[in-house]
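Undergrad: Order-wise, the sequence lines are chains A, B and C. Okay, so the first sequence: first residue is 1 according to my numbering, each after it adds one. Okay, so the second sequence: first residue is 1 according to my numbering, each after it adds one. Okay, so the third sequence: first residue is 1 according to my numbering, each after it adds one.
Possibly wrong hints are sitting among the right ones.
No copy is singled out in the list; a pair is fine if it fits within one copy or between any two copies.
[As the list claims (entries may be wrong)] Computed cross-link-like contacts, DSS-like style, restricted to lysine-lysine with a CA-CA straight-line distance of at most 27 Å:
#, residue 1, residue 2
1, Lys-327, Lys-297
2, Lys-150, Lys-229
3, Lys-14, Lys-297
4, Lys-153, Lys-297
5, Lys-120, Lys-229
6, Lys-153, Lys-327
7, Lys-297, Lys-120
8, Lys-349, Lys-150
9, Lys-327, Lys-14
10, Lys-349, Lys-114
11, Lys-120, Lys-14
12, Lys-203, Lys-150
13, Lys-114, Lys-150
14, Lys-229, Lys-349
15, Lys-203, Lys-229
16, Lys-149, Lys-229
17, Lys-120, Lys-349
18, Lys-350, Lys-327
The set of hints was computed from the structure by calculation and includes no laboratory data.
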Amino acid sequence: MSKTNPGNYFEDFKVGQVLDHATPRTITEGDVSLYTALYGGRFALQSADSFAMECGLDAAPVDDLLVFHVVFGKTVPDVSLNAVANLGYADVQFKAPVFPGDTVKTSSTVIGLKENSNGKTGVVYVRSTGTNQMGATVLDYVRWVMVRKKDEKAPAPEEVVPNLPDRVDPSFISLPEGLDFSGFDATLAGSPHYFEDYDVGEKIDHVDGMTIEEAEHMMATRLYQNTAKVHFNQHQMQHDRFGRRLIYGGHIISLARALSFNGLGNAQLIGAINGGSHTAPTFAGHTIYAWSEVLEKAELASNQTAGALRIRTIATKDMPCDSFPDKQEDGKRDPAVVLDLDYWVILPKKTMAV
Amino acid sequence: MSKTNPGNYFEDFKVGQVLDHATPRTITEGDVSLYTALYGGRFALQSADSFAMECGLDAAPVDDLLVFHVVFGKTVPDVSLNAVANLGYADVQFKAPVFPGDTVKTSSTVIGLKENSNGKTGVVYVRSTGTNQMGATVLDYVRWVMVRKKDEKAPAPEEVVPNLPDRVDPSFISLPEGLDFSGFDATLAGSPHYFEDYDVGEKIDHVDGMTIEEAEHMMATRLYQNTAKVHFNQHQMQHDRFGRRLIYGGHIISLARALSFNGLGNAQLIGAINGGSHTAPTFAGHTIYAWSEVLEKAELASNQTAGALRIRTIATKDMPCDSFPDKQEDGKRDPAVVLDLDYWVILPKKTMAV
Amino acid sequence: MSKTNPGNYFEDFKVGQVLDHATPRTITEGDVSLYTALYGGRFALQSADSFAMECGLDAAPVDDLLVFHVVFGKTVPDVSLNAVANLGYADVQFKAPVFPGDTVKTSSTVIGLKENSNGKTGVVYVRSTGTNQMGATVLDYVRWVMVRKKDEKAPAPEEVVPNLPDRVDPSFISLPEGLDFSGFDATLAGSPHYFEDYDVGEKIDHVDGMTIEEAEHMMATRLYQNTAKVHFNQHQMQHDRFGRRLIYGGHIISLARALSFNGLGNAQLIGAINGGSHTAPTFAGHTIYAWSEVLEKAELASNQTAGALRIRTIATKDMPCDSFPDKQEDGKRDPAVVLDLDYWVILPKKTMAV
């Protein structure tokens with residue numbers, strides 16, 4: 001029996017199957033520092049224990065996207081080692097906050113299967129759940145990937161396609177227990193703009209650009225213990241159609257989020273991710289820019305001091321975003337666009353219900 | 001109203017104005033490890049809790065320059081976003097030591113303004129103060145920068161130029177409470193040379209060289225949450241006169257300090273920085289070397305076990321320092337010189353007053 | 001007197017001499033995170049406090065190789081600053097586990113000297129011991145290096161060549177106190193293969209490859225406070241015969257160990273290192289692959305829940321290991337091989353003595 005992990009092929013998945021993923025991971029202050037060094041985030045709640053305590057928390061919580069990357073990374077060896085393409089994700093809900101010292105693990109349930117007509121591949125839908133050492137859910141999301149069949153003659157499974165929401169209903173957004181923005185210090189947070197100051201339809205150019213180096217995206221992706229080999233092996237990738245190591249899509253999401261501070265500086269937490277597309281590959285040497293559009297605003301019944309903005313953030317490579325590059329006249333996306341992310345962010349409200 | 005930060009222009013500053021900067025930052029063991037990985041410092045006091053405890057402290061303090069970079073980084077969005085040039089700093093005094101877990105924030109007071117005769121720019125002088133979560137000052141310094149006017153027709157302010165000291169008076173040097181070098185273990189510290197062993201006028205070639213990579217200086221500068229875009233955006237900088245990302249000057253200071261271990265290994269703390277010039281830009285690929293000269297020696301009334309050396313450290317790019325490159329015969333600086341830093345370091349004394 | 005460290009030359013060493021090395025180092029969660037970011041290790045015991053607690057420990061121990069690199073790095077300024085070549089190491093025994101917060105220092109005893117017939121160099125044998133802040137030994141090993149004489153006329157010392165074991169006797173392997181694999185969760189650990197599942201003679205291709213960047217190996221080597229200048233100074237190394245910075249051999253060991261997870265995922269600890277050769281230099285841009293062979297299996301009298309596998313791991317550059325590259329027909333090593341490491345790893349046993 002081979003000792004190496006062959007990964008799962010399409011025919012290995014069954015609807016209802018539960019996959020308990022390796023490796024549990026204690027997230028520490030060291031990870032938080034590296035995350036800052038890799039992206040340069042400046043959101044106050046994650047940056048300073050004292051600020052988080054003024055907002056009712058025990059300490060600065062770990063950045064939501066760092067939690068996402070760690071939880072996600074664990075699914076790769078079991079779900080997407082033989083994947084052809086990562087097709088999408090939906091219903092990404094952040095639940096219990098993670099603090100340094102918490103240990104996170106992930107399990108996934110197969111919730112859908114659909115063989116492609118070519119008989120060579122199929123789409124696997126999984127709901128993945130990250131839990132902490134107390135068993136509380138920290139993150140829950142659906143992902144679907146196209147996976148190769150090992151044996152093309154293996155019979156097609158019964159087709160099950162889950163019904164996925166277009167967006168996370170804002171009433172489902174879970175804020176950290178005790179979070180209270182009623183004494184929010186906007187000066188210290190670095191932005192004068194509260195929930196009420198944003199309008200649906202408003203577009204924001206985040207102005208700044210960040211160039212990516214090979215060492216950075218590889219350190220990030222290893223930090224998340226994500227083992228997808230396309231990110232790490234230049235000797236193999238030189239023969240690929242791009243001839244380059246591909247950058248983990250999550251690295252671009254984190255860069256775009258950090259860049260969005262300039263314009264969304266009070267977006268202290270990500271409430272949920274509704275969906276996202278990595279519309280073009282990125283490589284070392286690319287400079288990432290971003291802009292955002294406010295899609296929707298929602299009050300939060302569970303917290304009178306905060307509101308949720310539904311944001312669409314577009315990231316580009318080697319193209320400033322002052323012209324808000326997006327779909328072109330012919331309906332095609334501008335080729336500089338590399339990410340189109342739809343998510344809820346949480347901001348303090350100016351007019352608090354007292 | 002635009003949601004992005006336009007920064008302040010020269011006419012936005014008023015003498016006496018107080019700027020409370022974002023973002024507070026908890027400095028952790030993770031930051032300390034990254035700092036070691038980026039520069040390779042080996043000063044014992046910052047490296048080992050046990051060594052620091054033998055010297056009377058509760059734990060290893062955070063490197064003075066890491067504190068400086070974090071405090072400094074916060075001033076960039078408010079003070080120097082529209083700067084043409086960083087002209088200098090003076091009277092840099094390190095006060096309460098910072099330990100992992102402390103949260104630092106910065107505020108600045110405008111202490112001087114001087115419009116340039118071209119009417120397009122002016123010099124802004126600020127005194128910036130970093131404080132910890134207990135409100136104690138950890139760092140205090142003056143910086144002056146040349147800032148663009150937004151509206152060239154804006155009237156010139158009354159000229160106020162602060163009177164700045166050439167050097168920090170050594171009687172102002174503040175050592176960590178409890179610091180006691182009477183049992184100093186020079187073997188463990190890695191240098192047999194005490195305060196008494198250095199002579200004014202002595203020159204030391206620090207021998208070693210360190211080559212800089214893009215990923216390193218960008219990770220460092222993001223760790224400090226310093227957002228100056230010239231360091232990060234190759235897509236924009238390719239059109240600049242150098243065609244390259246500029247390296248944050250503080251990165252060179254930290255490299256020079258780490259290199260200075262070879263010759264100044266017992267310089268356990270920086271007491272103060274008297275002034276410094278970044279005399280030429282540095283780019284990834286440059287190898288940094290350094291040499292130092294002892295300018296002055298001072299006893300410390302507040303601590304009988306330590307003495308202060310006033311040091312001038314010169315860093316060069318792509319040029320070893322065995323010939324002590326400096327001003328040339330024609331009075332011009334050797335073009336390989338990139339940094340000229342004047343500061344006080346604290347060393348244990350061999351002959352302790354008991 | 002020059003203030004810089006000249007290092008020791010061959011004639012400076014005496015058999016029996018004790019060298020107490022600078023600089024003590026507190027190993028923290030920050031170092032652990034960086035180690036993960038640099039190599040991407042996924043061994044469960046080091047990754048999660050909760051997993052380590054299920055295995056009877058108080059917390060996740062620091063990776064054995066991170067401890068090795070820190071302990072080793074300290075010996076460089078005193079032992080190998082004037083070395084021509086690092087010839088080998090043997091009898092590397094890991095003792096007390098290191099946990100974040102522990103402070104490590106190193107001292108070495110000269111145990112052998114042998115001048116070379118050319119009268120210009122000699123071989124120095126040292127036994128180096130790393131201890132923690134309680135004085136417990138964490139690591140003990142023998143290394144021998146070829147060191148230059150400063151004065152070729154200095155008389156040759158009496159020749160003393162220590163008798164070194166071919167391998168560490170497995171009865172000497174010291175496991176962390178309390179370690180108990182009787183409830184080992186192989187699913188969470190990421191591998192179904194226990195001690196009993198491996199056969200002597202079995203070969204495992206670890207499949208994955210990892211490309212090295214300059215920033216990565218330099219950050220790693222500085223993290224270990226290893227000052228050997230060949231790793232850092234491109235300005236000097238451009239004139240060397242390779243024209244490149246050499247990568248610290250320990251960086252390759254750590255990469256090979258991380259890659260070995262794919263096939264040896266339950267090898268939770270390194271019990272001892274029997275010996276190793278860095279058979280060719282590696283440079284940034286090289287992609288490292290690895291394969292392993294099981295040389296020997298041993299029960300551990302001190303722990304019924306674990307067994308020891310003696311493993312030989314071969315790492316290559318720019319060459320996949322599916323053909324197990326090794327010695328060629330003419331007896332020469334395949335030129336792609338860069339590392340040949342012989343060591344004991346500790347795995348849980350499936351059939352526990354209850």
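Undergrad: Confirm or reject each hint.
TA: Each hint, compared with the structure:
no.	hint	verdict
1	Lys-327 - Lys-297	within (23 Å within a copy, 62 Å between copies)
2	Lys-150 - Lys-229	within (19 Å within a copy, 48 Å between copies)
3	Lys-14 - Lys-297	neither (39 Å within a copy, 38 Å between copies)
4	Lys-153 - Lys-297	neither (50 Å within a copy, 41 Å between copies)
5	Lys-120 - Lys-229	within (22 Å within a copy, 47 Å between copies)
6	Lys-153 - Lys-327	neither (41 Å within a copy, 41 Å between copies)
7	Lys-297 - Lys-120	neither (43 Å within a copy, 42 Å between copies)
8	Lys-349 - Lys-150	neither (53 Å within a copy, 32 Å between copies)
9	Lys-327 - Lys-14	neither (38 Å within a copy, 45 Å between copies)
10	Lys-349 - Lys-114	neither (44 Å within a copy, 40 Å between copies)
11	Lys-120 - Lys-14	within (17 Å within a copy, 70 Å between copies)
12	Lys-203 - Lys-150	between (46 Å within a copy, 24 Å between copies)
13	Lys-114 - Lys-150	within (15 Å within a copy, 60 Å between copies)
14	Lys-229 - Lys-349	neither (44 Å within a copy, 30 Å between copies)
15	Lys-203 - Lys-229	between (37 Å within a copy, 22 Å between copies)
16	Lys-149 - Lys-229	within (19 Å within a copy, 47 Å between copies)
17	Lys-120 - Lys-349	neither (52 Å within a copy, 39 Å between copies)
18	Lys-350 - Lys-327	neither (34 Å within a copy, 58 Å between copies)
Comparing the model with each earlier hint shows violations of hints 3, 4, 6, 7, 8, 9, 10, 14, 17, 18; every other hint is respected.
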